[in-house]
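First to last, the sequence lines map onto chains A and B.
Under this note's numbering, residues 58 to 511 are what the first sequence spells out, in order.
Under this note's numbering, residues 707 to 967 are what the second sequence spells out, in order.
Calculated directly from the structure, the hints in this document are not laboratory data.
Some clues are possibly wrong.
[As the list claims (entries may be wrong)] Here are the computed lysine-lysine pairs in the DSSO-like style, where the Cα-Cα straight-line distance is at most 27 Å:
hint	chain 1	residue 1	chain 2	residue 2
1	A	Lys508	B	Lys950
2	A	Lys508	A	Lys88
3	A	Lys507	B	Lys965
4	A	Lys213	A	Lys234
5	A	Lys222	A	Lys247
6	B	Lys787	B	Lys838
7	A	Lys64	A	Lys301
8	B	Lys783	B	Lys846
9	A	Lys212	A	Lys222
10	A	Lys301	A	Lys421
11	B	Lys787	A	Lys508
12	B	Lys950	B	Lys924
13	B	Lys846	B	Lys721
14	A	Lys445	A	Lys421
15	A	Lys507	B	Lys721
16	B	Lys949	A	Lys88
17	B	Lys924	A	Lys88
18	B	Lys846	B	Lys870
19	B	Lys838	A	Lys507
20	A	Lys129	A	Lys301
21	A	Lys213	A	Lys88
22	A	Lys507	B	Lys783
23	B	Lys870	A	Lys508
24	B	Lys721	B	Lys949
25	B	Lys965	B	Lys838
26	A	Lys234	A	Lys88
27	B	Lys838	B	Lys721
28	B	Lys721	B	Lys787
29	A	Lys212	A	Lys234
30	B	Lys870	A	Lys421
Single-letter residue listing:
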Amino acid sequence: MTGHAEKAAPFVADDARVHWHDQALWFVRLKRDRQAESIPEWEALRDAAAAIKAHTLSRIADYLEEFERNAKTNGIQVHWTRDGAEHNDIVHRILADRGLTRLVKSKSMLTEECHLNPYLEARGIEVTDTDLGERIVQLRHEPPSHIVLPAIHLKKEDIGDLFHKELGTAEGASDPKYLTEAARSHLRQKFMAAQAGLTGVNFAIAETGGFVVCTNEGNADMGTSLPPVHIACMGFEKIVPRTKDLAIFLRLLARSATGQPVTTYTTHFHGPMRGGELHVVIVDNGRSAILGHETFRRSLSCIRCGACMNTCPVFRRSGGYSYGYTVPGPIGSLLAPLRDSHKFGSLPFASSLCGSCSDVCPVKIDLHHELYAFRQELVREKVVPLYKRFAMAVLSFILARPWAYRVAGSLMRGIMPRLPRVVVYGRWNPWGRQRELPSMPGESFRDLIKKESK
Amino acid sequence: MPALAAEDGKNSMPKVGLFIPCYVDQLYPQVGLATLRVLRRLGIDVDFPEQQTCCGQPMANSGCAEYTRPLAERFLKIFGKYDHVVAPSGSCVSMVRNHYAQWLEGRPAFDHLRTTTFELCEYLVDIARVVKVDGDFPSKVGLHMSCHGLRELRLGRSSEVMVKPFNKVRFLLGQLRGIQLVELTRSDECCGFGGTFAVNEEAVSCLMGRDRIADHEKAGAEIIAGFDTSCLMHLEGLIRREKKPLRVMHVAEILEGAKLS
Chain A
58 MTGHAEKAAP FVADDARVHW HDQALWFVRL KRDRQAESIP EWEALRDAAA
108 AIKAHTLSRI ADYLEEFERN AKTNGIQVHW TRDGAEHNDI VHRILADRGL
158 TRLVKSKSML TEECHLNPYL EARGIEVTDT DLGERIVQLR HEPPSHIVLP
208 AIHLKKEDIG DLFHKELGTA EGASDPKYLT EAARSHLRQK FMAAQAGLTG
258 VNFAIAETGG FVVCTNEGNA DMGTSLPPVH IACMGFEKIV PRTKDLAIFL
308 RLLARSATGQ PVTTYTTHFH GPMRGGELHV VIVDNGRSAI LGHETFRRSL
358 SCIRCGACMN TCPVFRRSGG YSYGYTVPGP IGSLLAPLRD SHKFGSLPFA
408 SSLCGSCSDV CPVKIDLHHE LYAFRQELVR EKVVPLYKRF AMAVLSFILA
458 RPWAYRVAGS LMRGIMPRLP RVVVYGRWNP WGRQRELPSM PGESFRDLIK
508 KESK
Chain B
707 MPALAAEDGK NSMPKVGLFI PCYVDQLYPQ VGLATLRVLR RLGIDVDFPE
757 QQTCCGQPMA NSGCAEYTRP LAERFLKIFG KYDHVVAPSG SCVSMVRNHY
807 AQWLEGRPAF DHLRTTTFEL CEYLVDIARV VKVDGDFPSK VGLHMSCHGL
857 RELRLGRSSE VMVKPFNKVR FLLGQLRGIQ LVELTRSDEC CGFGGTFAVN
907 EEAVSCLMGR DRIADHEKAG AEIIAGFDTS CLMHLEGLIR REKKPLRVMH
957 VAEILEGAKL S
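Taking the hints into account, I'd like the entire structure generated from these sequences.
What follows is the structure in structure tokens.
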């Protein structure tokens, strides 16, 4: 198991780049702060959002069925899928049955989670991601490094090089406006040629059977207005009971995600276009198991704003790829090991438990407490290596016995100053690689207090 | 001390159990002494029960719930009998207040312990009702708002939460004559200590620490002050390795020379 620390190492090693990445995301966090501050009832909105999500999760089957009934009435075809494989198969069949081979996609982390693109490409479908950031990482054959800002790990010079190679822009050109224009005309051709459009779903509304897609680039709207077939894929937790709930969530989402009052495009879909088809694919893919988990079910409240990533001091300094999962950062550090605790066992430890994620979360998931709690799962499942558990057993034995504690303390304070520096700061000591150890005092507090007059 | 009274309604002063976290006891005894002196100067009846060792946070932080249990149980046995428990550490107090329930829920004395264990600054402001800090401290000080004290004990408003700003630590230190509390670019970013995180994720931890130090330096701080010695130990380790002119100090050490009322 290569853990987060090892995967983060190359990113951390590039000091200039890591600080640039940190600063870029911190800038988004500050924009979020300004927007949140401008809403006097911000904290009340968070409370309401958390309550609506908790309520919805408590009777999610009812709401999903209500959604299905109403969606069908609207002429939407609803598909239920148990896992990523079923999801990919359904999407492929919708396309294949109609002989469609050119698909444009707007951003959907769910399809990343299900690895839809390679599945379709292997079956002769041309898939084009149309969100600019996603198109960039698609051209680089990389996954997104952030769920809202997929190419945040790249500088404009990197993109200039990529576009020169892939889109024929001038060599060395890195002017963002020039590069965006190039991407725009490239994508325009893809939109015009597309036979089907695929989008994610930000919110599906049970009482109307409609759903909402939020984007800033309008690419979801281009992709669903031109071709006659629209496929929308959603994890089942995207459901909200009522239209008026959007008044809470839409105010929180864009402000938390990018520090905008609202996304540039907030599109409500309530049925197929005239003569067209609208499919909604509802995906479980492990969500039921999370829903059944008392401690961690709240992670399903997540509205994928990415605020926990932007604020996380570890994410900003280790980059999205160090997590090795579709959703990185604090929320990903829960979702990933909930899926596979052995593969992603280091992620709950990739946090200083500072709690900034919990305070920034628009739906008040107590992320850092859940990460703390998940560490116990990992010990129970023996994912945490034996030597670490053994070290804690020894420490616990000593600390539970005042005499052993006193002896161990005096030995440490007595011996450490006498050891040669090469021994104290040897390879065994990760603390000392970049830090000095505290200078060892001759006496402990419990020794000194005896001399203290009352 | 009109605000302080024992919980049993008698007019006696409350009995305070001083909780000195293990690493403070062994490595930073001066912080323990400063805490003791600050409390005693207020006329508070302070007792240091010698059977105490550690709250168990290193084990809990590592996910080792069963190795934490004996320490939580000992803590309750040792400290459950006091009117108040006070510690110069936000993190260890948060352990008692926010995490001990897992092991101690339902024990008769636990509710009392959980609600009467305080970090030093919150004890001074909320319980001892200190309103005036009379003393000199002519230095430029950067305040490090350690995460657990900030976001788990709410010693101040964290920058993420949109409520009216407040800060109990700043309220105390800000009254000292000559003190200049410098403005940081990031008022409450984590320093990267994080307990076992400091060694499990050594590279990211040190990067976070250096970034914090750079922020304090840029703001012109001569001293980084905090209420959690663990974070200060991490920052001091980096400062000393890089031979920077900064110093770290616990809030108790700064308040030690002042008259609180």
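Results of checking the hints against the structure:
| no. | hint | in the structure |
| --- | --- | --- |
| 1 | A/Lys508 - B/Lys950 | violated, 34 Å |
| 2 | A/Lys508 - A/Lys88 | violated, 54 Å |
| 3 | A/Lys507 - B/Lys965 | holds, 24 Å |
| 4 | A/Lys213 - A/Lys234 | holds, 10 Å |
| 5 | A/Lys222 - A/Lys247 | holds, 18 Å |
| 6 | B/Lys787 - B/Lys838 | violated, 30 Å |
| 7 | A/Lys64 - A/Lys301 | violated, 43 Å |
| 8 | B/Lys783 - B/Lys846 | violated, 42 Å |
| 9 | A/Lys212 - A/Lys222 | holds, 16 Å |
| 10 | A/Lys301 - A/Lys421 | holds, 20 Å |
| 11 | B/Lys787 - A/Lys508 | holds, 25 Å |
| 12 | B/Lys950 - B/Lys924 | holds, 13 Å |
| 13 | B/Lys846 - B/Lys721 | violated, 36 Å |
| 14 | A/Lys445 - A/Lys421 | violated, 32 Å |
| 15 | A/Lys507 - B/Lys721 | holds, 19 Å |
| 16 | B/Lys949 - A/Lys88 | violated, 36 Å |
| 17 | B/Lys924 - A/Lys88 | holds, 22 Å |
| 18 | B/Lys846 - B/Lys870 | holds, 26 Å |
| 19 | B/Lys838 - A/Lys507 | violated, 30 Å |
| 20 | A/Lys129 - A/Lys301 | holds, 21 Å |
| 21 | A/Lys213 - A/Lys88 | holds, 21 Å |
| 22 | A/Lys507 - B/Lys783 | holds, 23 Å |
| 23 | B/Lys870 - A/Lys508 | violated, 44 Å |
| 24 | B/Lys721 - B/Lys949 | violated, 43 Å |
| 25 | B/Lys965 - B/Lys838 | holds, 8 Å |
| 26 | A/Lys234 - A/Lys88 | holds, 22 Å |
| 27 | B/Lys838 - B/Lys721 | holds, 23 Å |
| 28 | B/Lys721 - B/Lys787 | holds, 9 Å |
| 29 | A/Lys212 - A/Lys234 | holds, 14 Å |
| 30 | B/Lys870 - A/Lys421 | holds, 19 Å |
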